[in-house]
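Just so you know, the protein sequences line up as chains A and B, in that order.
Just add 18 to the spot in the first sequence (first one is 1) and you have this note's numbering.
Just add 73 to the spot in the second sequence (first one is 1) and you have this note's numbering.
All the given hints hold, so there is nothing to weed out.
Listed below are the simulated SDA-like cross-link pairs for lysine to any residue, each with C-alpha atoms no more than 25 angstroms apart in a straight line:
#1 B/Lys271 with A/Glu416
#2 B/Lys231 with A/Val296
#3 B/Lys231 with A/Arg379
#4 B/Lys174 with A/Arg379
#5 B/Lys174 with A/Gly376
#6 A/Lys380 with B/Gly222
#7 A/Lys154 with A/Phe34
#8 B/Lys438 with B/Ile449
#9 B/Lys231 with A/Ala431
#10 B/Lys174 with A/Asp372
#11 B/Lys231 with A/Asp372
To be clear, the hints were calculated from the coordinates, so they are not data collected in a lab.
This structure is a prediction, so every number in the text was calculated from the model and none was measured.
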Amino acid sequence: MLPIILLSVLGVVLLFLGFLKSRAVLLPATLLFLAVTLAVNFLDWNKTYLYFNDMLRTNNLSMVFTAIMLGSAFMVVALSGSFMDTDEAQPAEYYALMLFSLVGAIMMVGFENLIMLFVGVEILSVAMYVLTGSDKRNLRSNEAALKYFLMGAFATGIMLFGMALLYGATGSFTIAGIGAYAANQQGLSLLLYVGLLMLLIGLLFKVSAAPFHFWTPDVYDGAPTIFTAFMSTVVKTAGFAALFRLLSVSFEGVYGFWWTIMAIIAALTLVVGNLTAVYQNSFKRMMAYSSISHAGYLLIGLAALGVQTKQAIVFYSLAYSVATISAFGVLLLVAQQRSTQTITREGVNSENFDSFNGLARKNPLLGFTMAVSMLSLAGIPLTAGFWGKFYMFSTAVERGQIWLLVVAVLMSAVGIYYYFRVIIAMYFRDGATETIPVAPFYQYVLLGATIITIGLGIAPGLLQGLF
Amino acid sequence: MLTLLLILFPVVAATLILMIRGERVKQAAFVAALVEFAFAGYAFVGFKPDASSQFGFDYAWIRSLGIRFSAGIDGISILLVLLTGLLVPLIVLSTFKRSYKQSSLFYALMLYMQAALMGVFTARDGFLFYFFFEAALIPIYFLAAMWGGSNRVAVTFKFFVYTIFGSLFMLLALVYLYYQTPATELSAHSAAIADFYKLNLTPGAQNWLFWAFFIAFAIKMPVFPFHTWQPDTYVESPTPATMLLAGIMLKMGVYGLIRFILPVVPLGVETWGKTAIILSVIGIVYGSIIAIRQRDMKRLIAYSSFSHVGLMAAGVFSQTETGMQGALIQMLAHGINVVGMFFVADIIFSRTSTNQLDQLGGITKSTPKLTVFFMIMLLGSVALPLTNGFIGEFLLLHGVFTYNHYLGLAAGFTIIFGAVYMLRMFQKSMFGMPSSRTESFVDLSRTESLVFIPLVILIFWIGVYPQAFLKVTEPSVVSIMKYIGTTAVSLK
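Can you build the whole structure from these sequences, using the hints too?
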């Protein structure tokens with residue numbers, strides 16, 4: 019709860035800081051704010067509180083999710099320096115919007131009432147629409163923002179409709195109330211099922227699960243890279259936290275109804291995300307499809323809702339966020355260096371796989387960081403991503419959903435193909451002519467992400483028993 | 074504790090080697106590999122010939138999941154530990170004449186590879202096994218893709234994706250087995266391989282588990298029809314990497330068959346074992362026939378290796394004690410022979426810059442030493458009595474023959490075909506008129522001979538007195554046979 023208030027206030031403070039002549043204060047200030055919020059977040063550790071007339075709840079799980087999102091935001095902001103230095107950029111506004119969107123994300127993690135979920139989704143989304151379009155001179159950025167907004171608004175509408183139906187069926191907006199009704203199992207109103215489906219559609223849209231994923235590639239590709247990193251980590255984590263909360267508290271009683279739907283969507287998401295990623299020439303666009311495919315892995319855990327799911331989702335979100343952010347961090351530098359800025363139909367040239375040719379020889383650290391991220395996303399042992407997949411697979415095995423796992427395994431193999439294209443380009447192809455200068459701070463952030471990925475890969479138990 | 078040392082020492086050594094520059098890297102890597110060999114040799118000498126797991130180490134790795142970092146050496150592992158310890162110093166020594174760019178990375182990766190291989194062969198926990206099984210792939214991938222031939226990137230990529238694809242199925246199987254082990258409020262499930270042995274799995278589950286494991290191991294070995302990655306990878310990789318692949322890494326697959334498939338899913342073996350043997354036998358014959366037609370030495374050896382490993386798989390699936398014993402000793406023997414053969418090919422290549430048989434010939438005129446060593450390696454490969462290959466192949470064929478006469482007969486072709494392609498290679502490269510490339514062929518240097526001498530000693534030692542090795546493995550083989558017996562009987 020404190021993080022919400024703090025972030026709102028600090029966001030406004032940031033806006034005022036924007037009046038200062040010097041832009042240089044903004045980045046450290048934002049980092050400081052995020053660090054303070056992260057610390058404050060843990061004040062309620064091991065306690066469970068209900069706030070605002072039972073609208074929000076904080077418990078260890080919500081705090082862990084909040085911490086993952088704040089940490090992701092911290093890393094994204096730390097890597098954002100170069101983008102914010104461009105002339106047209108409005109850093110104060112961007113940082114403030116990021117903080118505000120985090121407020122929404124935290125609400126999505128701890129909602130106790132569907133209204134709160136709706137408000138959270140909206141706060142998060144509206145900020146994201148703006149940030150997507152923040153590269154004003156770039157046509158693709160504008161297009162992306164418009165697409166995202168139109169489709170997002172539509173999805174939110176469906177979600178709201180679903181909530182109304184759920185209220186009609188159960189007479190309650192609280193997730194506990196709905197859960198109590200659904201637990202009856204017998205004589206349930208049809209409205210409950212329809213409402214649940216519509217609510218799920220809205221949330222699945224946010225996490226870009228197939229067949230609600232069509233906006234993702236264009237939006238991820240069009241948005242400035244730094245916000246793509248933000249979107250693909252914070253929004254996804256918040257979305258899955260919300261889905262988990264909803265399904266585990268409210269709808270466990272009707273598990274038999276929705277698990278097949280979720281399993282089919284998971285399988286579809288995996289197939290679509292992975293197979294399409296293979297055909298991409300642009301790294302950024304590949305990452306967009308990769309984010310779809312990772313939504314598929316996370317959905318496996320939800321479809322197999324059980325004791326393991328909580329842990330699986332937390333671990334997976336963390337592993338995925340860290341790897342994704344460091345991958346985008348490297349992309350930012352590479353794209354900037356190789357920028358010819360000729361925009362082709364496939365995207366910006368400097369964001370293609372070719373831009374990474376020979377990177378490891380000239381910039382061993384960048385190459386290594388990127389390689390570790392790719393290995394983690396591909397789920398190779400010794401990285402956090404492996405254990406993420408492991409936990410996910412465990413949940414499904416426990417429920418005996420072997421067919422879903424076979425799909426997931428086949429698609430993991432496909433995933434290795436496109437993640438390794440980057441590694442091959444960096445290590446085995448010639449291309450780079452000059453070393454890319456990397457600021458020390460930037461280097462520490464990337465190094466930190468790499469250490470987290472490998473550390474969790476060697477000792478995944480570190481995260482356990484926390485929540 | 075010794076197993077922990079076996080796994081950790083190469084890691085530490087490799088990390089230190091990364092910091093060394095210049096020529097001293099080779100010496101450092103060689104010394105490190107020798108020390109590791111001393112550990113492995115100590116394990117072999119100190120190994121008590123019974124079925125227990127020795128020199129063990131056990132530590133709760135992920136406590137809440139009951140996953141343990143648990144490693145130990147039993148009769149199944151011991152020969153492979155010895156082989157890994159033995160071959161790596163020889164492989165390092167074989168590179169002394171060559172220079173590789175970024176050599177510190179090159180040797181570090183070899184040692185990382187060794188650590189992962191030691192981990193695979195000693196892991197007592199299913200997930201730890203998987204962990205090392207995959208971890209072994211990363212160094213070898215980089216070795217092959219960074220220092221290989223012109224088509225290396227595409228070829229090694231295929232190899233990588235292929236093998237990962239297979240092992241993901243194994244992961245699935247392991248996770249499934251893990252959840253079949255009993256769990257209580259106090260203790261989590263267990264991933265210990267010994268606990269997997271105790272499970273009473275339904276025949277249906279055993280059938281799919283069989284395939285999940287089999288595909289993983291069959292790709293690694295490789296067994297027909299999963300072999301398409303192998304010849305290209307062997308040819309394109311730099312020779313030291315090929316030696317690691319053929320000498321040690323393919324044994325991971327055979328080892329997996331013995332360690333997992335036979336004792337964990339005996340009913341699956343009952344149902345599908347015959348299919349597996351038939352595939353293996355097809356591989357034996359098919360590999361041999363293709364090998365006869367090859368013009369490239371490395372490619373020929375690659376196909377011969379494919380053929381030999383088929384026989385090992387068939388021997389294991391015969392579910393007989395002789396078959397398994399044969400597979401174990403043949404893994405050791407094949408590792409020794411194939412490394413020797415690849416080294417010969419490498420020596421010829423380094424002096425003539427070709428491995429094409431029709432461009433070679435007449436080498437024997439100026440090279441008494443190479444001729445003798447090459448001949449001995451070759452005799453081992455074609456399983457001449459009194460060489461190591463004979464013991465292994467004889468036991469394996471005996472096993473397959475007991476299982477099914479016709480299959481045994483078909484597998485027996487391996488010896489005849491083996492003699493044909495090996496002697497043809499020898500003849501074409503060593504005898505005849507010298508070509509322009511082989512006219513001024515220089516005989517072996519001291520370091521090169523030094524690589525061959527231990528190999529030759531082992532070839533004859535195993536060939537003349539195999540009992541020293543067989544008696545070490547026997548108790549463990551018997552205990553694995555017991556699992557096959559009891560589960561199969563109790564469910565009948």
